[in-house]
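Visitor: Residue-level listing of the chains:
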Amino acid sequence: MHKLDLIIQKEGNSQDRLIPILWEIQKDIGCISLDTQTDLSKKLNLSPAEIQEVVSFYHFFSEEYRGKHQIYIDSSIIADFHDRNQIKTTFENELKINTGSVTPCGTFGLFETSCIGMSDQSPAVLIDFIPVPSLTVEKVKIILNSLKNGIKLEEIILSLGLGDGANSSNYIQSNINNNIVKKGHFLFKKWSKGEAISIASQMSPENIIQVISDSGLKGRGGAGFPTGLKWKLAKEVPSDKKYIVCNADEGEPGTFKDRVLLTEFIGLLLEGMIIASKAVGASKGYIYLRGEYSYLKNHIERQILDFKESGFINSFPIEVFLGAGAYICGEESALLESLEGKRGEPRIKPPFPVEQGLFGCPTVVNNVETFVLAAQIIRFGHESFSSLGTESSRGIRLLSISGDVEKPGIYEYEWGVSISEILRDCKAIEPTFVQVGGPSGTMISNKEFDRKISHDDLPTGGSFMVFSKKRSLFDILSNFMDFFVDESCGNCTPCRAGNVILRDLLTKVKTGKARPSDLNKIKDWGNIVSKTSRCGLGMTSPNPLLTSLKSMPEYFENAITNKDENFLDFDIEQATAEYKEFHNE
Amino acid sequence: MSSPKKIPITVDGKKYDVPKNINLVEALSSQGIRVPTLCWYKGMDDCLGTCRVCTVNVNGRPSAACTLNTTEEMKIEFDTSELNDLRKSIIELLFVEGNHYCPSCEKSGDCLLQAEAQALEMTHSRFPYEFNHYEIDYSGEMIILERNRCVHCKRCTELFTNDDGEKVFSFIGKGKDTQVVINKETEKSLSKHKAQEAMDLCPVGAILVKGEGFKTPYGERKFEKEPLWIKK
Numbered sequence: 348m349h350k351l352d353l354i355i356q357k358e359g360n361s362q363d364r365l366i367p368i369l370w371e372i373q374k375d376i377g378c379i380s381l382d383t384q385t386d387l388s389k390k391l392n393l394s395p396a397e398i399q400e401v402v403s404f405y406h407f408f409s410e411e412y413r414g415k416h417q418i419y420i421d422s423s424i425i426a427d428f429h430d431r432n433q434i435k436t437t438f439e440n441e442l443k444i445n446t447g448s449v450t451p452c453g454t455f456g457l458f459e460t461s462c463i464g465m466s467d468q469s470p471a472v473l474i475d476f477i478p479v480p481s482l483t484v485e486k487v488k489i490i491l492n493s494l495k496n497g498i499k500l501e502e503i504i505l506s507l508g509l510g511d512g513a514n515s516s517n518y519i520q521s522n523i524n525n526n527i528v529k530k531g532h533f534l535f536k537k538w539s540k541g542e543a544i545s546i547a548s549q550m551s552p553e554n555i556i557q558v559i560s561d562s563g564l565k566g567r568g569g570a571g572f573p574t575g576l577k578w579k580l581a582k583e584v585p586s587d588k589k590y591i592v593c594n595a596d597e598g599e600p601g602t603f604k605d606r607v608l609l610t611e612f613i614g615l616l617l618e619g620m621i622i623a624s625k626a627v628g629a630s631k632g633y634i635y636l637r638g639e640y641s642y643l644k645n646h647i648e649r650q651i652l653d654f655k656e657s658g659f660i661n662s663f664p665i666e667v668f669l670g671a672g673a674y675i676c677g678e679e680s681a682l683l684e685s686l687e688g689k690r691g692e693p694r695i696k697p698p699f700p701v702e703q704g705l706f707g708c709p710t711v712v713n714n715v716e717t718f719v720l721a722a723q724i725i726r727f728g729h730e731s732f733s734s735l736g737t738e739s740s741r742g743i744r745l746l747s748i749s750g751d752v753e754k755p756g757i758y759e760y761e762w763g764v765s766i767s768e769i770l771r772d773c774k775a776i777e778p779t780f781v782q783v784g785g786p787s788g789t790m791i792s793n794k795e796f797d798r799k800i801s802h803d804d805l806p807t808g809g810s811f812m813v814f815s816k817k818r819s820l821f822d823i824l825s826n827f828m829d830f831f832v833d834e835s836c837g838n839c840t841p842c843r844a845g846n847v848i849l850r851d852l853l854t855k856v857k858t859g860k861a862r863p864s865d866l867n868k869i870k871d872w873g874n875i876v877s878k879t880s881r882c883g884l885g886m887t888s889p890n891p892l893l894t895s896l897k898s899m900p901e902y903f904e905n906a907i908t909n910k911d912e913n914f915l916d917f918d919i920e921q922a923t924a925e926y927k928e929f930h931n932e
Numbered sequence: 762m763s764s765p766k767k768i769p770i771t772v773d774g775k776k777y778d779v780p781k782n783i784n785l786v787e788a789l790s791s792q793g794i795r796v797p798t799l800c801w802y803k804g805m806d807d808c809l810g811t812c813r814v815c816t817v818n819v820n821g822r823p824s825a826a827c828t829l830n831t832t833e834e835m836k837i838e839f840d841t842s843e844l845n846d847l848r849k850s851i852i853e854l855l856f857v858e859g860n861h862y863c864p865s866c867e868k869s870g871d872c873l874l875q876a877e878a879q880a881l882e883m884t885h886s887r888f889p890y891e892f893n894h895y896e897i898d899y900s901g902e903m904i905i906l907e908r909n910r911c912v913h914c915k916r917c918t919e920l921f922t923n924d925d926g927e928k929v930f931s932f933i934g935k936g937k938d939t940q941v942v943i944n945k946e947t948e949k950s951l952s953k954h955k956a957q958e959a960m961d962l963c964p965v966g967a968i969l970v971k972g973e974g975f976k977t978p979y980g981e982r983k984f985e986k987e988p989l990w991i992k993k
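Chains A and B, in that order, are what the protein sequence lines are. Position one of the first sequence corresponds to residue 348 (this note's numbering), numbered consecutively onward. Position one of the second sequence corresponds to residue 762 (this note's numbering), numbered consecutively onward.
Hints listed in this document are in silico derivations from the structure and should not be mistaken for laboratory results. Warning: the hint list may mix true and false statements.
Covered stretches of chain A (in silico footprint by chain B; criterion: 3 or more residues with CB under 8 angstroms from a CB of chain B, positions within the stretch not fixed) [to be verified]: (1) 396-403; (2) 535-545; (3) 579-588; (4) 600-608; (5) 847-859.
Every value quoted in this text rests on a predicted model; they were computed, and no experiment measured them. We treat Cβ as the ideally placed atom computed from N, Cα and C, and that holds for glycine.
Can you make the complete structure from the sequences, with help from the hints?
Guide: What follows is the structure, given as structure tokens:
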């Protein structure tokens with residue numbers, strides 16, 4: 348297998364190169380067959396089973412052939428509400444296949460995938476891992492016909508028109524728009540290359556950590572851990588090797604702000620990482636980029652090269668590492684497992700990554716936005732940040748706003764902004780429910796629009812989905828529960844088995860087959876999953892159900908059409924059909 | 762050798778002195794408090810933390826006891842109605858996720874899931890049965906993999922190897938589709954003794970040695986002689 352040798356020659360043959368190697372095979376051959384896995388295992392000195400464990404975990408890796416052109420349809424709820432079904436049907440009709448299969452000639456494979464970070468220009472698909480947003484039936488036909496006629500995807504994208512900002516640069520060339528709607532006064536201050544690094548170079552590591560701590564910056568991934576403290580903890584662990592990892596695995600449905608930051612603020616991001624490396628004494632950096640954003644890899648690498656040429660990163664190489672379609676890898680310890688070439692299963696904590704992270708070494712994992720903000724804080728001083736926001740939540744928060752609004756896109760707000768103010772700004776259309784923080788966040792009703800975005804009221808990782816009165820609450824909740832069932836890693840009992848049970852219970856309510864007591868079951872069973880799960884995924888997956896039941900119980904009560912606790916919640920004819928057939932009744 | 766330093770911890774309001782930095786399940790067990798477990802067993806080096814049956818409250822937050830070591834002034838809540846019910850509910854979840862028919866199972870009486878269910882006085886599952894379909898793998902030389910009974914604890918995939926230190930069992934897929942598979946090459950090399958070790962390591966009846974299932978008669982099996990609910 349000449350090809351395999353070339354790939355291994357390029358990537359190296361240690362286990363931590365496994366995912367980059369699998370990516371090359373998947374893109375090159377269209378699948379990673381069991382035979383290929385066996386060949387690869389010999390070359391990497393692993394067992395075939397160890398390779399299969401990894402291949403079968405990631406959504407974008409497949410043992411079966413996925414076609415010369417692999418098409419993934421975004422299955423987020425926002426896409427659902429933007430005629431996703433019509434787009435899906437068009438693909439199916441044009442290709443004469445069902446979703447989840449490959450055309451007989453092997454040219455096209457059609458599949459679905461969780462939110463691809465394009466909720467502001469939905470519906471979108473990935474074609475050969477290049478996102479194509481704002482689809483219409485016409486556009487789908489044009490794209491497929493062009494591909495069938497052998498026209499290259501890059502040319503098709505060019506003919507569709509390039510997006511704004513760096514999207515049109517030579518290193519991206521995408522059809523995507525940034526949709527930056529509201530520029531605040533902190534993040535969007537003009538960048539001047541190397542300024543933050545140069546200021547930090549005059550500071551001691553302790554000094555840098557002090558400034559970040561004084562700013563009140565908290566991690567922007569959602570959990571809100573104080574960034575200064577994280578850096579301090581990693582600094583204090585003695586080790587020859589330490590790592591800085593940027594979590595660019597923006598997988599929470601409805602968020603896309605990191606996509607825009609990676610496109611427009613990549614310089615600031617790198618500066619933030621370099622400053623962090625100085626603060627904790629790290630010798631290598633990684634940007635774990637979600638597979639869905641692989642179209643940004645060249646752009647990021649170009650900027651890294653530029654920094655290298657400018658002499659900013661002599662002793663701190665930064666590598667871009669592509670994820671392969673697993674929401675769970677946004678959990679920092681799962682992300683580290685993935686970086687080591689393994690299944691992205693969350694680790695047991697303690698030890699925390701700041702003590703034992705990547706390859707057992709102290710590691711700081713921060714979100715894209717966190718690094719970008721850290722660089723700005725170094726430039727403008729901690730007070731420029733801490734003077735914004737609220738007591739519990741300092742500074743600004745980027746929101747990715749999507750759904751039933753006239754102006755979807757990126758908004759910079761100070762923490763503490765009210766939901767109603769946001770809804771006014773984005774010109775929400777008859778807003779009835781808002782999902783704050785994505786499926787793992789909080790669902791609120793229009794009675795609660797005076798609530799505020801903050802760590803002690805409505806915390807958020809940046810996703811803000813608005814739903815008008817014509818949307819069905821249960822459609823939304825079902826989409827979210829399907830998402831969690833698909834994305835659970837399967838490692839712990841409550842998340843693996845419990846989310847399936849919760850989804851089934853929700854289906855009962857949605858289809859009018861629930862009994863009055865089932866509403867208490869949602870509360871009780873949701874509580875079981877959130878209290879006993881191993882990581883943040885299971886701890887938060889019941890949130891949409893629990894928060895919507897709390898804030899709008901009337902929707903659930905109205906869905907209980909039969910108030911008799913003892914009514915048969917199944918079809919007795921159907922249940923006994925086999926018996927009757929057998930006995931010729 | 763000096764004896765390990767003892768530190769005070771509180772369990773359900775009572776103070777105990779336990780060795781510092783030892784596994785919490787073991788620490789509680791040494792004080793006569795039996796914490797239910799499935800994936801964890803005494804003497805293992807690294808816990809798996811997969812089953813979550815040992816959930817307790819530590820300093821007010823629910824955690825799997827097997828994943829923690831004792832630290833000074835740790836405040837544990839264990840015997841509360843909510844926690845007892847949480848632990849029991851996980852056993853019930855496993856019963857509806859898999860297909861467990863105890864009376865016909867080769868491991869009945871030796872099965873930890875069954876023993877814990879009895880110890881926690883589980884009479885039924887509150888959750889609807891899933892009736893999932895699982896493939897049974899008979900293709901091994903020595904071993905049958907009965908996936909209907911697998912609890913995904915990862916004991917076999919993480920801890921078991923053949924005499925050459927190679928993995929025999931792997932975990933493939935994701936989420937509810939995760940399943941254990943046998944590595945045929947390494948399974949072939951297993952001695953009968955080693956295969957029996959795998960069967961004993963499995964807390965349930967998912968790993969069976971061909972022809973050995975009913976060697977010990979019912980009535981004389983591990984948990985029949987020493988049920989978990991009597992052994993306090």
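Visitor: Now tell me if each hint is right for this structure.
Guide: Here is what the structure says about each hint:
Using a Cβ-Cβ cut-off of 8 angstroms, 5 residues of the region 396-403 of chain A lie near chain B, which meets the minimum of three, so the contact claim holds. Evaluation of the coverage hint for the region 535-545 of chain A: breached, as 0 residues show C-beta separations to chain B shorter than 8 angstroms, against a requirement of three. As drawn, the region 579-588 of chain A meets chain B at 0 residues by the rule of a beta-carbon pair under 8 angstroms; below three, the given contact is violated. For the region 600-608 of chain A, the assignment as covered by chain B is violated, since 0 residues bring a beta-carbon within under 8 angstroms of that chain's beta-carbons and 3 are needed.
Under a criterion of three residues with beta carbons nearer than 8 angstroms to beta carbons of chain B, the stated coverage of the region 847-859 of chain A is upheld, 3 such residues being counted.
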